[in-house]
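> Produce the complete structure using the sequences and hints provided.
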Amino acid sequence: MAMLARSTARSGAVVTSGRRATAVVVKATEWYGPDRPQWLGPFSEDTPSYLKGEFPGDYGWDTAGLSADPQTFAAYRVTETIHARWAMLGALGCVIPELDQSGSPQPVWFKAGAQLFTDGGINYLGQESLIHAQSGVGIVAAQVILMGQAEAFRSAGCITPGGFGEDLDNLHPGDAFDPLGLADDPDTFAELKVKEIKNGRLAMFSMLGFYVQAIVTGEGPIANWKAHIADPVGANAFNYATKFTPQ
Numbered sequence: 015m016a017m018l019a020r021s022t023a024r025s026g027a028v029v030t031s032g033r034r035a036t037a038v039v040v041k042a043t044e045w046y047g048p049d050r051p052q053w054l055g056p057f058s059e060d061t062p063s064y065l066k067g068e069f070p071g072d073y074g075w076d077t078a079g080l081s082a083d084p085q086t087f088a089a090y091r092v093t094e095t096i097h098a099r100w101a102m103l104g105a106l107g108c109v110i111p112e113l114d115q116s117g118s119p120q121p122v123w124f125k126a127g128a129q130l131f132t133d134g135g136i137n138y139l140g141q142e143s144l145i146h147a148q149s150g151v152g153i154v155a156a157q158v159i160l161m162g163q164a165e166a167f168r169s170a171g172c173i174t175p176g177g178f179g180e181d182l183d184n185l186h187p188g189d190a191f192d193p194l195g196l197a198d199d200p201d202t203f204a205e206l207k208v209k210e211i212k213n214g215r216l217a218m219f220s221m222l223g224f225y226v227q228a229i230v231t232g233e234g235p236i237a238n239w240k241a242h243i244a245d246p247v248g249a250n251a252f253n254y255a256t257k258f259t260p261q
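Each position in the sequence shown, counted from 1, maps to that position plus 14 in the working numbering.
Keep in mind that the hints were calculated from the coordinates and are not lab data.
Computed from a predicted structure; not experimentally measured.
Fair warning: there could be bad hints in the mix.
[What the hints assert, rightly or not] Derived BS3-like pairs (lysine-lysine); straight-line CA-CA distance at most 25 Å:
1. K66 to K209
2. K240 to K125
3. K66 to K212
Below is the structure:
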């Protein structure tokens with residue numbers, strides 16, 4: 015994504031650039047400012063004064079007052095965005111094993127990791143020519159080194175000792191991290207941030223649903239969907255709720 019500093023005048027809303035707290039005015043879209051959609055539509059009243067529509071995904075809902083403190087609000091925004099991105103990747107990863115049977119048969123997502131302890135190991139996407147993993151220690155080491163370094167870079171403000179990333183926002187860095195230039199236009203950038211957080215929130219709920227489905231039915235999301243399509247009356251959440259037996 016493009017740098018936050020590229021955003022220009024929009025509804026008078028002020029957004030703070032992650033590292034330097036540089037105020038920039040965001041160009042108004044239907045998703046920002048006082049006229050943005052509210053969480054209860056026309057019935058939304060008494061929106062907290064600190065929710066001004068400055069940030070993507072702000073629908074004026076905080077009944078518990080969790081974001082009243084600006085520093086806490088900033089931390090929650092970062093946490094939500096990072097979790098949303100992981101949830102989108104996770105939801106896709108839960109569906110692919112059931113959809114892709116082009117190589118060796120793929121197990122349901124919550125059993126996929128167990129392949130590591132088999133003689134054949136894990137073949138990503140069922141293809142041994144892609145990533146063939148047989149070492150749990152190797153996987154953990156790779157994740158700690160690669161993911162740990164990436165997160166350290168982000169949390170440090172996307173700055174390296176050599177000065178790279180000095181002007182980047184640590185949540186939406188853009189530049190080299192947006193090689194296709196999808197967010198070069200400020201209006202497009204503002205809209206993409208809203209789409210990202212909306213899809214990310216949906217993905218987090220989807221992951222919760224996948225967990226519950228796995229516990230209740232012992233099957234993956236695609237298998238559950240097929241069962242429901244075949245028998246909507248017999249295969250649904252209400253029936254499982256009345257005869258719940260963890261699988």
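> With reference to the structure, classify each hint as holding or not holding.
Against the structure, the hints:
{"no.": "1", "hint": "K66 to K209", "result": "19 Å, holds"}
{"no.": "2", "hint": "K240 to K125", "result": "19 Å, holds"}
{"no.": "3", "hint": "K66 to K212", "result": "18 Å, holds"}
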